[in-house]
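Chains as they are written, first to last, in the working numbering: chain B, 1 to 316; chain V, 317 to 682.
One or more of the hints may lead you astray.
As the list claims (entries may be wrong) - In silico DSS-like pairs for lysine-lysine, Cα to Cα no more than 27 Å straight-line: (1) V:498 / B:223; (2) B:223 / V:417; (3) V:427 / V:417; (4) V:420 / V:389; (5) V:469 / V:483; (6) V:498 / B:203; (7) V:427 / B:223; (8) V:423 / B:223; (9) V:448 / B:203; (10) V:577 / V:656; (11) V:427 / V:328; (12) B:223 / V:448; (13) V:417 / V:498; (14) B:223 / V:469; (15) V:328 / B:310; (16) V:328 / B:122; (17) V:469 / V:427; (18) B:310 / V:448; (19) V:417 / V:389; (20) B:203 / V:328; (21) V:389 / V:469; (22) B:223 / V:389; (23) V:417 / V:328.
I should point out that these hints are in silico values taken from the structure, not numbers from a laboratory.
Just so you know, these numbers come straight off a predicted model, no measurement behind them.
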Amino acid sequence: MADTVQSWGPDSIPDTAKAPVRVKGLQKFMRRHSTIAVLMCLPLIIIVACLIVYPAFYSIYLSMLNKSQTRFVGLANFTYLLSRDTFWMVVKQSAIFAISAVFFKALIGLITAHLVNNLPVKGQRKWRGMLLVPWVIPLALSTLGWWWLFDPTHSAFNYILKGMGFEEIAWLSDPYWARVSVILVNVWYGAPFFLIMYLAALKSVPEQLYEAASIDGASAWQKFIHITLPMMHNIIAITVLFSLIVTFANFDVVQIMTAGGPRNMTHVFATYSFLLGIRSGDLPLGAATSLFMFPILAIAAIFILRGVRKRGREIG
Amino acid sequence: MADVTLRNVVKKYDDVLAVASINLDIPNHEFVVLVGPSGCGKSTTLRMIAGLEEITDGEISIGGAVVNDLPPKDRDIAMVFQNYALYPHMTVAENMSFGLKLRKFPKAEIKTHVDNAARILDITELLGRRPKQLSGGQRQRVAMGRAIVRNPKVFLFDEPLSNLDAKLRVQMRTEIKRVHQKVKTTTVYVTHDQVEAMTLADRVVVMNAGKIEQIGTPNDLYHHPATRFVAGFIGSPAMNFVPARLEGGNGAGLRVRLSDKLVFNVPESRAPRYSPHTGKEVIFGLRPEHITETRGRENGVGQEFPVVLDVVEPMGMETMVYFRVDGTEVCGRVEPTAAKNSGEAMQLRANLDHMHLIDPVSNMVL
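Bound-form chain B, shown alone (with noise of 0.2 Å):
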């Protein structure tokens, strides 16, 4: 910050001569770079710091109270979570739904990539357009939509089953169907992400190490797994850690289709934690059960943005 003072334009300051020393001093501290890079970043600051930063630490206070917020209980309501089955079973869903959707929307993401990358530039922007329109529509309406999809009795899918002599499948209502179920739309709607983050990092691949393989003796395949993944590891492992977070965090798609039913078989961490502490009125313990996403997405982004940084420093 020190090395910073160089000022603005210093012509057309008006002479400062006569002025006292302080205002000279502080003349010259506004007119650092620095200090005006934090004055115009301030707006911003002042909002994360409101929407962010004081309920983070807001939740950590609340969650050491007990459930009339009157007295200070220190760690119990993480002891009292922790032994408690619904909420491994919480935490073992949470793993499930945020890993096995990322999974698939990395998957989907890089096929759809590629397919897109290789269509002819002229039809390339229509389809990009159209493939990431489950992005961009409002997630709760979107959702509404595949609720309605899989309603067990006047559904879209059903009534296809059914014509095709299938059995009818409970979508909702059967635990297992029901987490396909959420996994399935969370897909449908993170996929287009990857897929954008993905087709513009094989556009970054420069064509003549793809020509330089082909000139080696690489097949199709071999250009894939030696020359694209490599050359896409830290986008791939920055989007995976990104959706990760955002995943595990998820409330929206599960609130909507499930609440969390049935008998609790698809609640993640934040629609237990809703159902806790805004639908049972347990706000603190609500608190602890959010609390704990926390440190099992630090640890994962920790061990994820070492690997990008390595790889960073090695490919440049």
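We have chain B already, so just place chain V on it with the hints.
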């Protein structure tokens, strides 16, 4: 190792003709340089040999076998790219061994090949590094190493030195020549730099606007250019061209009239060649090195003439002098001690044994 043959090879991009029916025979072991201005089709020709571009028409064969429809990997060629195209996520050793690994060579053999190539190129101590940690010259060496390890039938170079600074370029040029003398693989090398072409090539192919202008040894092209383009492209500074008129007859011998005052007598040896063109408008061509000071240079048929110097450029070992003949700028190359200052008059000597006459319509050298 193998010979390379191009028969009536054509490349069209939609309606644009990039390469128009090229014929070229490259015998085994030969170092051939394709040279020409940008957009002349030299890189496209190279990429067609590599298999990176499909050919629109014609036939390419490597080692006697037609390779028109073979993918690059089955043509047994190696290519060095302008920006090296090293795999950034692999070490130098991995970069070099990638081709062998894909061809399922045993590990021990790969190591022998890589070590051997590294020794030839003097990059043994770099084998564990990644491309990012290398300088431009080192990357260039690794790219060449990647080509050498495979021991292919043909080396293809696509302007490999143009990303290096001037000093390194000269150094790497020598290096490439040295490597070729060692491994003797048939080589096709593309460049826009005529100095590179002259210094490296066994034979130079001068291309212009998708066509081959002339094929020949560097000396051939320099002394006996076939067209005005070749005459102007090869040699630096470029050959002087002055519009002139071939006069003669009446028993007085042939003369070239460059201006009202300046007339050169055509040497006896050239007379039979030029006499059919007597009376025609021509372009007179003479290289700067054949316009010198008068003293001490007695080789060949010379003719002295006075000029007034326009610009004088001292280069150290020689001085370039510029003057005008009827509005056309002409360059001469003189001893630094003999050079006069700009604005002064000077007596120069044209060595007419090296003169060329060019037909202004067909642009062919007469």
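Do the hints match the structure? See the list:
1. With a C-alpha separation of about 32 Å, the suggested pairing of residue 498 of chain V with residue 223 of chain B is violated against the 27 Å cut-off.
2. Taken as a hint, the residue 223 of chain B and residue 417 of chain V pair is honoured in the structure, with Cα atoms around 13 Å apart against an allowance of 27 Å.
3. Pair hint residue 427 of chain V plus residue 417 of chain V holds up; C-alpha atoms about 11 Å apart against a cutoff of 27 Å.
4. For a cut-off of 27 Å, the pair hint linking residue 420 of chain V to residue 389 of chain V stands: about 14 Å separates their Cα positions.
5. Annotation: proposed proximity of residue 469 of chain V to residue 483 of chain V is violated, straight-line Cα distance about 31 Å (limit 27 Å).
6. Of the supplied pair hints, the one linking residue 498 of chain V and residue 203 of chain B is violated, its CA atoms being roughly 40 Å apart against a limit of 27 Å.
7. About 22 Å separates the Cα atoms of residue 427 of chain V and residue 223 of chain B, which keeps this hinted pair within 27 Å; it holds.
8. Under the criterion of a C-alpha separation no larger than 27 Å, the hint pairing residue 423 of chain V with residue 223 of chain B is consistent with the structure, at around 21 Å.
9. Proximity of residue 448 of chain V to residue 203 of chain B is assessed by CA-CA distance (about 21 Å); at most 27 Å being required, the pair is judged to hold.
10. Taken as a hint, the residue 577 of chain V and residue 656 of chain V pair is honoured in the structure, with Cα atoms around 21 Å apart against an allowance of 27 Å.
11. For the given pair, residue 427 of chain V sits about 42 Å from residue 328 of chain V by alpha-carbon distance, which is inconsistent with the 27 Å threshold.
12. Between residue 223 of chain B and residue 448 of chain V the alpha-carbon distance is near 21 Å, which keeps this suggested pair within the 27 Å criterion.
13. For the hint linking residue 417 of chain V to residue 498 of chain V, the alpha-carbon distance of about 24 Å falls within 27 Å, and the restraint holds.
14. Restraint check for residue 223 of chain B and residue 469 of chain V: satisfied, since their Cα atoms lie roughly 23 Å apart, inside the 27 Å limit.
15. Pair hint residue 328 of chain V plus residue 310 of chain B does not hold up; C-alpha atoms about 45 Å apart against a cutoff of 27 Å.
16. A C-alpha spacing of about 21 Å is found between residue 328 of chain V and residue 122 of chain B, which places the hinted pair at or below 27 Å, so the restraint holds.
17. With a C-alpha separation of about 21 Å, the suggested pairing of residue 469 of chain V with residue 427 of chain V holds against the 27 Å cut-off.
18. At roughly 13 Å between alpha-carbon atoms, residue 310 of chain B and residue 448 of chain V fall within 27 Å of each other, so this suggested pair holds.
19. For the suggested pair residue 417 of chain V and residue 389 of chain V, the alpha carbons sit about 13 Å apart, so the restraint of at most 27 Å is met.
20. With a C-alpha separation of about 26 Å, the suggested pair residue 203 of chain B and residue 328 of chain V falls inside the 27 Å cut-off, and the hint holds.
21. This hinted pair checks out: residue 389 of chain V and residue 469 of chain V have alpha carbons roughly 12 Å apart, not beyond 27 Å.
22. Proposed proximity of residue 223 of chain B and residue 389 of chain V is supported: the alpha carbons are some 12 Å apart, at most 27 Å.
23. The straight-line distance between the Cα atoms of residue 417 of chain V and residue 328 of chain V is roughly 35 Å, outside the 27 Å bound, and the hint therefore fails.
Violated hints, listed in ascending order, are 1, 5, 6, 11, 15 and 23; each of the other numbered hints is respected by the structure.
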